[in-house]
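**Student:** Sequence:
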Amino acid sequence: MKYKYYLLFALIFSVSFSIVLAEEKIQAKTFVNDYANIIDESTESQLNQILNEIYNSGTAEYSIVTINSLEGKDIESYALNLAQNNLGDKTKNNGLLLLVAVEDRQYRFEVGRGLEQYLTDLESSYIGRDYIETNFKNQDYNKGILDSTLEIQKILFGEIPPINKAEQKVNFKPLIFIIIFFIIFILSMFYKIWIFKQYNKKMKDKKYFKAAKNATIFFGGWGIGRSMGGSPGGIGSDGFGGFGGGSFGGGGASGRW
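For the sequence shown, position 194 (counting from the first letter as 1) is numbered 194 according to our numbering, and the numbering increases by one without interruption.
Do not rely on the hints blindly, as some may be mistaken.
[Unchecked claim] With a cut-off of at most 25 angstroms between alpha-carbon atoms, the simulated DSS-like pairs for lysine-lysine come out as follows:
hint: 1; residue 1: K143; residue 2: K154
hint: 2; residue 1: K25; residue 2: K73
hint: 3; residue 1: K90; residue 2: K25
hint: 4; residue 1: K90; residue 2: K143
hint: 5; residue 1: K197; residue 2: K29
hint: 6; residue 1: K137; residue 2: K192
hint: 7; residue 1: K154; residue 2: K92
hint: 8; residue 1: K73; residue 2: K29
hint: 9; residue 1: K192; residue 2: K29
hint: 10; residue 1: K73; residue 2: K154
hint: 11; residue 1: K154; residue 2: K90
[What the hints assert, rightly or not] Ranges of calculated distance between the beta carbons of each label pair, as one might list FRET restraints:
hint: 12; residue 1: I184; residue 2: G72; range: 55 to 61 angstroms
hint: 13; residue 1: I178; residue 2: K25; range: 55 to 61 angstroms
hint: 14; residue 1: G158; residue 2: N37; range: 14 to 20 angstroms
hint: 15; residue 1: N37; residue 2: I180; range: 55 to 61 angstroms
hint: 16; residue 1: T91; residue 2: I183; range: 51 to 57 angstroms
hint: 17; residue 1: Q27; residue 2: E159; range: 28 to 34 angstroms
hint: 18; residue 1: I184; residue 2: K143; range: 51 to 57 angstroms
Keep in mind that the hints were calculated from the coordinates and are not lab data.
Note that CB positions come from ideal geometry on N, CA and C, so glycine has one too.
Based on the provided sequences and hints, a complete structural model is requested.
**Tutor:** Here you go:
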């Protein structure tokens, strides 16, 4: 009977120990950490070269981590735990992480505090949508990760003008409507003043006064009403000496495919 208890205890201990080891194994310790085995050798070699160039330039410490499952955790906290005090220079806080959870069909760009002004949440979302999601839906993980990394490299190296980084096009339609309504409002006020001046100078007849008053209310009210209305808005590479330990504040973007 005791033998069975010992056996059960040993089994539970071994399973628990295996889980702990599995959790400790997932680390952003180098440029490419492909725990899910979705990146081929050729792509990994290209990624190592690109990430090493970024690392040596001093602009960012960028690591890619792929895992099979989040094990029930949310990807934001998972990525933050991987990156915090692990990626990025302690002074520059320029760490950057791409986390891919294959079975959960989720990804996350975790951006260090020092990079948030260069790689904004909007830009991270744009890159994820156009490169990660588009290719991952076709199970082309290599192209998705490589293309997104190349795009990030261009942004970090200043090769893409800010206006084009995330296609941040300004929607001028609401502004045009506001200007038009403001002009109408001003014109209606001038019309109101003109009506009253005409009344004071020329007319004292009650009928004319009544007509002028009605016209003023109509145009003035219409202008004000319209002006108040809204409008719809439209590793292995030379030079790599290990990562640092920068700070992260939750900047970045998450997505699914």
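**Student:** Now tell me if each hint is right for this structure.
**Tutor:** Against the structure, the hints come out as follows:
1. K143 x K154: Within the cut-off at roughly 16 angstroms; holds.
2. K25 x K73: holds, 16 angstroms
3. K90 x K25: Holds, at roughly 23 angstroms.
4. K90 x K143: violated, 32 angstroms
5. K197 x K29: Distance ~80 angstroms between K197 and K29 Cα, so the pair is violated.
6. K137 x K192: violated, 62 angstroms
7. K154 x K92: Holds: K154 and K92 sit about 19 angstroms apart, inside 25 angstroms.
8. K73 x K29: holds, 21 angstroms
9. K192 x K29: Answer violated: K192 to K29 is near 73 angstroms, above 25 angstroms.
10. K73 x K154: violated, 32 angstroms
11. K154 x K90: Roughly 24 angstroms between the alpha carbons, so the hint for K154 and K90 holds.
12. I184 x G72: 55 to 61 angstroms: At roughly 58 angstroms between Cβ atoms, G72 and I184 fall inside 55 to 61 angstroms, so the hint holds.
13. I178 x K25: 55 to 61 angstroms: At 57 angstroms between Cβs, range holds.
14. G158 x N37: 14 to 20 angstroms: violated, 34 angstroms
15. N37 x I180: 55 to 61 angstroms: holds, 59 angstroms
16. T91 x I183: 51 to 57 angstroms: Roughly 52 angstroms apart at Cβ, these two residues keep to the hinted range, so it holds.
17. Q27 x E159: 28 to 34 angstroms: For Q27 and E159 the Cβ distance comes to about 31 angstroms; the hint holds.
18. I184 x K143: 51 to 57 angstroms: Check passed, 53 angstroms falls within 51 to 57 angstroms.
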